[in-house]
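**Q** So the protein sequences, as listed, match chains A and B.
All residue numbers for the first sequence refer to the numbering used here, where the first residue is 12 and numbers rise by one.
All residue numbers for the second sequence refer to the numbering used here, where the first residue is 18 and numbers rise by one.
What the hints contain is simulated information worked out from the structure, not anything from laboratory work.
Please note that a few of the clues may not be correct.
Unchecked claim - Listed next, the in silico EDC-like pairs over lysine to aspartate or glutamate satisfying Cα-Cα at most 16 Å (straight line):
1) A:K128 to A:E189
2) A:K139 to A:D96
3) A:K71 to A:E34
4) A:K181 to B:E23
5) A:K169 to A:E156
6) A:K71 to A:E29
7) A:K79 to A:D20
8) A:K128 to B:D28
9) B:K31 to A:E150
10) A:K184 to B:D64
11) A:K169 to B:D44
12) A:K184 to B:E22
13) A:K181 to B:E22
14) B:K20 to A:E189
15) A:K184 to A:D96
16) A:K139 to A:D159
17) B:K31 to A:E127
18) A:K181 to B:E24
19) A:K184 to A:D124
20) A:K79 to A:E16
21) A:K139 to A:D124
22) A:K169 to B:E24
23) A:K169 to A:E151
24) B:K31 to A:E151
Unchecked claim - Rough simulated footprint, nothing fancy, chain A against chain B, three-plus residues with beta-carbon under 8 Å:
25) 18-25
26) 45-57
27) 62-76
Heads up, the beta-carbon is just placed ideally off N, CA and C, and yes, glycines get one too.
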Amino acid sequence: MPVLEQQSDLLQQFAAGEIGAFEILFHEHQAEVFRWIVRIVRDAGVAEDITIETFWRLHKAHARFDPKRSFGAWARRIATNAALDYLKSRRLEVPLADEIAAADCCDPALRRDMREKTQRAFHKLPPKLRVVAALALIEEQPYAEIADALGISVGAVKLRVLRALRRLRKHLKQMGIEP
Amino acid sequence: MNKHEEESIRDLLKQSVTPVNAELSRDLWPQMLQRIAQQANAVPWFDWALLGLLVLWWVLSPSSLPVLLYHL
Numbered sequence: 012m013p014v015l016e017q018q019s020d021l022l023q024q025f026a027a028g029e030i031g032a033f034e035i036l037f038h039e040h041q042a043e044v045f046r047w048i049v050r051i052v053r054d055a056g057v058a059e060d061i062t063i064e065t066f067w068r069l070h071k072a073h074a075r076f077d078p079k080r081s082f083g084a085w086a087r088r089i090a091t092n093a094a095l096d097y098l099k100s101r102r103l104e105v106p107l108a109d110e111i112a113a114a115d116c117c118d119p120a121l122r123r124d125m126r127e128k129t130q131r132a133f134h135k136l137p138p139k140l141r142v143v144a145a146l147a148l149i150e151e152q153p154y155a156e157i158a159d160a161l162g163i164s165v166g167a168v169k170l171r172v173l174r175a176l177r178r179l180r181k182h183l184k185q186m187g188i189e190p
Numbered sequence: 018m019n020k021h022e023e024e025s026i027r028d029l030l031k032q033s034v035t036p037v038n039a040e041l042s043r044d045l046w047p048q049m050l051q052r053i054a055q056q057a058n059a060v061p062w063f064d065w066a067l068l069g070l071l072v073l074w075w076v077l078s079p080s081s082l083p084v085l086l087y088h089l
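Okay, chain A solo, but in the shape it has when bound (with noise of 0.2 Å):
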């Protein structure tokens, strides 16, 4: 059988609700799924706990899905809200000690309080901003990517840069810092 009528009957199996289909799904995707979870919220722990999560929330819409759609989109834009609740769950919480120790090796030239205070000035911004700047100015994804797991157009995230950006500079003023 090709390759492609394989996957295709693995996804209406996976669609009707069948668990070996589904646990062939997230042996295929779970890496992928956590890959991109962890450059969201900055912490392999809690990654996995959102890959869980996301895996659980799929499993739980398989009546919803659709064959002929891309499974790993679905999955991306799904851990994209996982990973965006937690957020949201977490607010004004303060970096964490391993990151400004990890950010040390970068730049020494940088001060180690204007990282942390640009640490902090991230770490403020809301949720949905935090996810963008996260994913397009730290990581340096693509914007049709991003795009594509928040389901916005490409025009909404660079948007959405911009306000992350412009919520940065104001948060740094306040800190003392002029960028």
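Starting from the known structure of chain A, arrange chain B on it as the hints suggest.
**A** Below, chain B alone, put in the same frame as chain A:
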């Protein structure tokens, strides 16, 4: 905000918050199965609501309970 400011904030952010290159270190399927099993054993909220209504009915009108039990 001008182009120069935009670029400097981008640079500052990139130097302060490093990209994450974490890879999944283990298979998450066992946890997934656990999650599915947990949810399968969970009692739906509707059942709890129904039980609550029955208890409320019994508290408010204890004399009608034998009638209800007779019809079950």
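**Q** If a hint holds in the structure, say so; if it doesn't, say that too.
**A** The hints, checked one at a time:
At most 16 Å may separate the alpha-carbon atoms for a hinted pair to count; K128 of chain A and E189 of chain A meet this at roughly 12 Å. Between the alpha carbons of K139 of chain A and D96 of chain A the distance comes to roughly 10 Å, so the proposed pair stays at or under 16 Å and holds. For the hint pairing K71 of chain A with E34 of chain A, the CA-to-CA distance comes to about 14 Å; that is within 16 Å, so the pair holds. Among the hinted pairs, K181 of chain A with E23 of chain B is consistent with the structure: their alpha-carbon atoms are about 12 Å apart, no more than 16 Å.
Between the alpha carbons of K169 of chain A and E156 of chain A the distance comes to roughly 12 Å, so the proposed pair stays at or under 16 Å and holds. Among the hinted pairs, K71 of chain A with E29 of chain A is consistent with the structure: their alpha-carbon atoms are about 12 Å apart, no more than 16 Å. Taken as a hint, the K79 of chain A and D20 of chain A pair is honoured in the structure, with Cα atoms around 10 Å apart against an allowance of 16 Å. Distance restraint check for K128 of chain A and D28 of chain B: the Cα-Cα separation of roughly 14 Å lies within the 16 Å cut-off, and the hinted pair is therefore satisfied.
Between K31 of chain B and E150 of chain A, the direct Cα distance comes to roughly 9 Å. Compliance with the 16 Å bound is thereby established for this hinted pair. A threshold of 16 Å between alpha carbons decides the hint, and for K184 of chain A with D64 of chain B the separation of about 55 Å lies outside it, so the pair is violated. A threshold of 16 Å between alpha carbons decides the hint, and for K169 of chain A with D44 of chain B the separation of about 36 Å lies outside it, so the pair is violated. Distance hint between K184 of chain A and E22 of chain B is fulfilled; the C-alpha atoms sit about 12 Å from each other, no more than 16 Å.
Our distance criterion of 16 Å between C-alpha atoms is met by K181 of chain A and E22 of chain B, whose separation comes to about 12 Å. Of the supplied pair hints, the one linking K20 of chain B and E189 of chain A holds, its CA atoms being roughly 15 Å apart against a limit of 16 Å. Straight-line distance between C-alpha atoms of K184 of chain A and D96 of chain A comes to about 29 Å, which puts the hinted pair past the 16 Å bound. Annotation: proposed proximity of K139 of chain A to D159 of chain A holds, straight-line Cα distance about 14 Å (limit 16 Å).
A hinted pair counts as satisfied when its Cα atoms are at most 16 Å apart, and K31 of chain B with E127 of chain A qualifies at roughly 13 Å. About 15 Å separates the Cα atoms of K181 of chain A and E24 of chain B, which keeps this hinted pair within 16 Å; it holds. Simply put, K184 of chain A and D124 of chain A have alpha-carbon atoms about 14 Å apart, close enough for the 16 Å limit, and the pair holds. Under the criterion of a C-alpha separation no larger than 16 Å, the hint pairing K79 of chain A with E16 of chain A is consistent with the structure, at around 11 Å.
Pair hint K139 of chain A plus D124 of chain A does not hold up; C-alpha atoms about 26 Å apart against a cutoff of 16 Å. At most 16 Å may separate the alpha-carbon atoms for a hinted pair to count; K169 of chain A and E24 of chain B meet this at roughly 15 Å. For a cut-off of 16 Å, the pair hint linking K169 of chain A to E151 of chain A stands: about 13 Å separates their Cα positions. Taken as a hint, the K31 of chain B and E151 of chain A pair is honoured in the structure, with Cα atoms around 10 Å apart against an allowance of 16 Å.
For the region 18-25 of chain B, the stated coverage by chain A holds: 4 residues have a C-beta nearer than 8 Å to a C-beta of that chain, and at least 3 were required. With a cut-off of 8 Å between beta carbons, the region 45-57 of chain B has 7 residues touching chain A; three or more are needed, and the interface restraint holds. With 0 residues having a beta carbon nearer than 8 Å to a beta carbon of chain A, the region 62-76 of chain B misses the requirement of three or more and the stated coverage is violated.
In this structure, the earlier hints numbered 10, 11, 15, 21, 27 are contradicted, and the remaining ones agree with it.
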